[in-house]
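Starting from the known structure of chain A, fit chain B onto it as the hints suggest.
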Amino acid sequence: MGRGTVMVQSARRRVRQSAVRIFAQEYSESSLIEQGAGEYDPSFVVTKLGAKVNRCLVGGVIDKLERREGNSGTFYSGQIRDPTGVHYFDVASFQPELHADTEELLARFESGDRFLMTMVGRARWFESEDGGVFTSIRAEDFTVIDLERYKSWLVEASDATLRRVDAYSTSLGSELDLESLSEVGVPSDLVEGMILARGHYSEFDTEGYQVGVLRALSLASGRTESLVEVTLSPESEQPDEEKIEGASEGPVETRQVIIELLSSKGDELVEYDTLVGACTSAGVSREEAEDTIENLRDVGGEIIEPRFGFFQLLGEG
Amino acid sequence: MANNGMYASQIAVVKQECPETDEEDIGNEFARYEQEFLIPPEDALRSVIRKFQAATGKEVTSGAPAPARSEKKVDRFSDLDAEDRNVTIEVAVVSYSSRIQMVKGEERQVAFGWIEDNPWDPNSNRERWDFKDWGEKSEALAPGSVVRLEGASVNEWNDKRSLNINRTTRVTVLKEGGATAPQIGNEPLSISKASEVEGFVNIVARVLSSKPDVIIRKDGSGEIPVVRGRLADSSGSIGFLSWAAFEHDVGSLVKIVGASVRKFRETPEININDGTVIEPYHDSAFPDIGELSASSKATIADLRNGMRDIAITLQVESWVQRTFESEDGSPRVVRSGDVIDPSGRCRLTAWCEFDPEPGDFIRIEGGRVQFWQGSPDLVIDQVEQVVDLSDPPWKKIDPEDHWVDLDLTGLVNGGSRRGIRTSGTVVAVRSDSGIIERCPECRRVLRDSSCSEHGSQRGQEDLRLRFVIDNGVSNASLLMGREPAEAFLGMEMSGVRDRIAGDGRDGFIASLRARALAMPIIVYGRTIVDDQGAMVLADTAELEKLDSSEAATEVMNRWGVVL
Numbered sequence: 648m649g650r651g652t653v654m655v656q657s658a659r660r661r662v663r664q665s666a667v668r669i670f671a672q673e674y675s676e677s678s679l680i681e682q683g684a685g686e687y688d689p690s691f692v693v694t695k696l697g698a699k700v701n702r703c704l705v706g707g708v709i710d711k712l713e714r715r716e717g718n719s720g721t722f723y724s725g726q727i728r729d730p731t732g733v734h735y736f737d738v739a740s741f742q743p744e745l746h747a748d749t750e751e752l753l754a755r756f757e758s759g760d761r762f763l764m765t766m767v768g769r770a771r772w773f774e775s776e777d778g779g780v781f782t783s784i785r786a787e788d789f790t791v792i793d794l795e796r797y798k799s800w801l802v803e804a805s806d807a808t809l810r811r812v813d814a815y816s817t818s819l820g821s822e823l824d825l826e827s828l829s830e831v832g833v834p835s836d837l838v839e840g841m842i843l844a845r846g847h848y849s850e851f852d853t854e855g856y857q858v859g860v861l862r863a864l865s866l867a868s869g870r871t872e873s874l875v876e877v878t879l880s881p882e883s884e885q886p887d888e889e890k891i892e893g894a895s896e897g898p899v900e901t902r903q904v905i906i907e908l909l910s911s912k913g914d915e916l917v918e919y920d921t922l923v924g925a926c927t928s929a930g931v932s933r934e935e936a937e938d939t940i941e942n943l944r945d946v947g948g949e950i951i952e953p954r955f956g957f958f959q960l961l962g963e964g
Numbered sequence: 361m362a363n364n365g366m367y368a369s370q371i372a373v374v375k376q377e378c379p380e381t382d383e384e385d386i387g388n389e390f391a392r393y394e395q396e397f398l399i400p401p402e403d404a405l406r407s408v409i410r411k412f413q414a415a416t417g418k419e420v421t422s423g424a425p426a427p428a429r430s431e432k433k434v435d436r437f438s439d440l441d442a443e444d445r446n447v448t449i450e451v452a453v454v455s456y457s458s459r460i461q462m463v464k465g466e467e468r469q470v471a472f473g474w475i476e477d478n479p480w481d482p483n484s485n486r487e488r489w490d491f492k493d494w495g496e497k498s499e500a501l502a503p504g505s506v507v508r509l510e511g512a513s514v515n516e517w518n519d520k521r522s523l524n525i526n527r528t529t530r531v532t533v534l535k536e537g538g539a540t541a542p543q544i545g546n547e548p549l550s551i552s553k554a555s556e557v558e559g560f561v562n563i564v565a566r567v568l569s570s571k572p573d574v575i576i577r578k579d580g581s582g583e584i585p586v587v588r589g590r591l592a593d594s595s596g597s598i599g600f601l602s603w604a605a606f607e608h609d610v611g612s613l614v615k616i617v618g619a620s621v622r623k624f625r626e627t628p629e630i631n632i633n634d635g636t637v638i639e640p641y642h643d644s645a646f647p648d649i650g651e652l653s654a655s656s657k658a659t660i661a662d663l664r665n666g667m668r669d670i671a672i673t674l675q676v677e678s679w680v681q682r683t684f685e686s687e688d689g690s691p692r693v694v695r696s697g698d699v700i701d702p703s704g705r706c707r708l709t710a711w712c713e714f715d716p717e718p719g720d721f722i723r724i725e726g727g728r729v730q731f732w733q734g735s736p737d738l739v740i741d742q743v744e745q746v747v748d749l750s751d752p753p754w755k756k757i758d759p760e761d762h763w764v765d766l767d768l769t770g771l772v773n774g775g776s777r778r779g780i781r782t783s784g785t786v787v788a789v790r791s792d793s794g795i796i797e798r799c800p801e802c803r804r805v806l807r808d809s810s811c812s813e814h815g816s817q818r819g820q821e822d823l824r825l826r827f828v829i830d831n832g833v834s835n836a837s838l839l840m841g842r843e844p845a846e847a848f849l850g851m852e853m854s855g856v857r858d859r860i861a862g863d864g865r866d867g868f869i870a871s872l873r874a875r876a877l878a879m880p881i882i883v884y885g886r887t888i889v890d891d892q893g894a895m896v897l898a899d900t901a902e903l904e905k906l907d908s909s910e911a912a913t914e915v916m917n918r919w920g921v922v923l
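Keeping their order, the protein sequence lines are chains A and B. Counting from 648, one number per residue, gives the positions in the first sequence under my numbering. Counting from 361, one number per residue, gives the positions in the second sequence under my numbering.
Isolated chain A, as found in the complex (with noise of 0.2 Å):
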């Protein structure tokens, strides 16, 4: 028994799925995965505030892009950056359609160029023995952006965060059943996702979210002039060197913590999170924490990432 679902849910059907506008930090926290049962259902990224993410619109600055070589073929993979954190996206070698276009991002890229971008895409992730999650998105339309129409989704993705904000705050004093939910107000369309995360994830405050998107949506109404700028943080060629070589003081800092925690650890893996969240209640900021992780492992030779978002020493294990 129990089979038969299986077969009832793959007979759903396929009627395209959505875009959830979604931040990359309430995306990347995420956790929680329903597998679609059939060879055709829909899987979805299930995040904290209940939404079911199985295609996303996202934006933000091209952080990083490049051409892989896998066994299957070229690939690409990249990051676009928002007001709350890096969403990571790839271009597989299966969608020859999309290489084009890619190439002529990565040569813009390459050149030094950054600029901002919007795209839609399926979920995808990537599990860990040990259970992590780290989600990430198939490019499936993309396209460089200017900064009105950036802002234009800073709004939407802002709108969309806070009405699932205010559905999870809803559905704290309710049973969690369907009927429930629905009765207390919250959305048709976040009532399953709600279930599967309440029942997932401890409770918590949404204030971390509700930050991002003030920071977007203040953004969005021009009160923080020249974006581009200021994402682009001038850690770019130069300030790599220092970090490297200890000249600043900063930086080296943050090159000890992570060393000092990957060490502790010896040749087991230390996912990304935490030697993030090590470097930010050491006191250094989450970009300046990325960017150096990104250093040790690219510039540095350093640390080494074996699996996706797991890091070791270079030498150890």
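Hints listed in this document are in silico derivations from the structure and should not be mistaken for laboratory results. Be a bit skeptical, because a hint or two may be false.
Stated by the list, open to error - Computed, partial: chain B to chain A, Cβ under 8 Å:
hint, residue
1, Asp866
2, Ala878
3, Thr913
4, Leu923
As the list claims (entries may be wrong) - In silico negatives: residues of chain B with every beta carbon more than 10 Å from chain A:
hint, residue
5, Arg445
6, Glu487
7, Arg521
8, Leu549
9, Ile575
10, Ser581
11, Ile584
12, Ile795
13, Ser810
14, Arg824
15, Arg826
16, Arg842
17, Asp899
For each residue, glycine too, the CB sits at the ideal point set by N, CA and C.
Just chain B, lined up with the frame of chain A:
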């Protein structure tokens, strides 16, 4: 060996079918399916049996030489023989009830019910059989669903045939059923609830209308007398079709036990047959016929394909008549025009001498709905169905500027409509946007200069744009034909052709993406909503002007946040 314990029950089933096969081999096979192919044993059962049947070089069956068990695939029950064992057929599940039965000293859940063949035929040209489910497949066999049965067997007893669904039968759900109908004997449902289910229901309702009709058999073998009409309660009204005598007057209150709800096109309908019990019902608080008729008035937004017996008030926008030659060569006249009400716009076709003036207000009783180019089309057959209204029911609507606002979620969950305005964000630009070639015969889009119907053709050039618009909760395809596309692009078709010739189709698509992706768009047009989702056919579409600062303030007000 260790596997055998885990898969004991599945191994036993395989052993029945393939008695010569070694149990350990079977166990290993299940382990392989589970570990290497990630198929749990319940699902692997049939594949494993097939494998071992093939491995032993013959279709092994238990016991004496039985009829060959090669698969027999049929469309209709009538194609089956009494001895058929390995049957593949697609059926509609009509009912499903289960009970616990002792089988060989073991408690087992056995279920039975009705299935019908020919499940995809919208006409009721179906044969109904009993079935027994020995395989505990209740979840797949929900009433109202259409399933493919593989490996079912025919059972004949007292000259009556039925189908056995066994543990090894694979049941693939092809179309999910509606909500499961409650069992007979349950409390009556309201009509609005009954309209949402498919299967057996009991209702208490007042007869709004009732008249004898005939259904002509397609094969020419005669006519079936039926009764059609309408039933109502305070929750709504529903059409009925009675295959048995129906002797209840209009206005009478009845309790109907064991009727089935079926969909005719997109409209649910109560089916009454010999097994249905109808008895007079007494409830002095039940709304009278006047009240119920008043509430059964439809609006254009309510219209769905297949509806009958519609009462609706309309404003006529345009009216034409044309004469054509009917099949028997005699001339026939059809009159039609556009009509509007506050909820939208549709077409009205009259097969009778009805000649209103644009601007007239009319009331229609007993109208029916057909689909015309994907939109509901109201039809009247007799001029007596129309009343010319002297009192305007609403302030005259200006047809030039009559667009009904509909958000994407309402659009996707509603019926096909005309004259709507909606908005969403562009989340996909389809790569087949741009110049296309159409078949000169049928207007189908040619693929490699070839029409699926008319073969190789010299195509006629046309322009279209295909997007997907989305509001984060619901989405719809957006199709712009040549005129709206030219307006949207600010470019004639020839300009688009030149652009594609210069930049290639990919370049053209990339430029569309750069222009439209993640942009809010407002669309005026009509919608086609069906099982595949919703499509908006644009009369015009324009990107919305962005004012993010204003939008941000709106969002902050909506959710009560301040910077």
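Here is how each hint holds up against the structure:
1. Asp866: Holds, because the Cβ-Cβ distance from B/Asp866 to chain A comes to roughly 6 Å (cut-off 8 Å).
2. Ala878: 4 Å, holds
3. Thr913: 7 Å, holds
4. Leu923: 5 Å, holds
5. Arg445: About 22 Å separates B/Arg445 from the closest Cβ of chain A, which puts it past 10 Å; holds.
6. Glu487: Given a closest Cβ separation of 23 Å, the condition holds.
7. Arg521: 26 Å, holds
8. Leu549: B/Leu549 clear of chain A: closest Cβ-Cβ about 18 Å, beyond 10 Å.
9. Ile575: For B/Ile575, whose nearest Cβ neighbour in chain A is about 30 Å away, the distance exceeds 10 Å, so it holds.
10. Ser581: Non-interface label on B/Ser581 holds, nearest chain A Cβ at 35 Å vs cutoff 10 Å.
11. Ile584: 33 Å, holds
12. Ile795: 18 Å, holds
13. Ser810: 23 Å, holds
14. Arg824: The claim holds: B/Arg824 sits with its nearest Cβ about 18 Å from chain A, beyond 10 Å.
15. Arg826: At roughly 12 Å from the nearest Cβ of chain A, B/Arg826 sits farther out than 10 Å, so the non-interface label holds.
16. Arg842: B/Arg842 is indeed farther than 10 Å from all Cβ atoms of chain A, at 24 Å.
17. Asp899: 23 Å, holds
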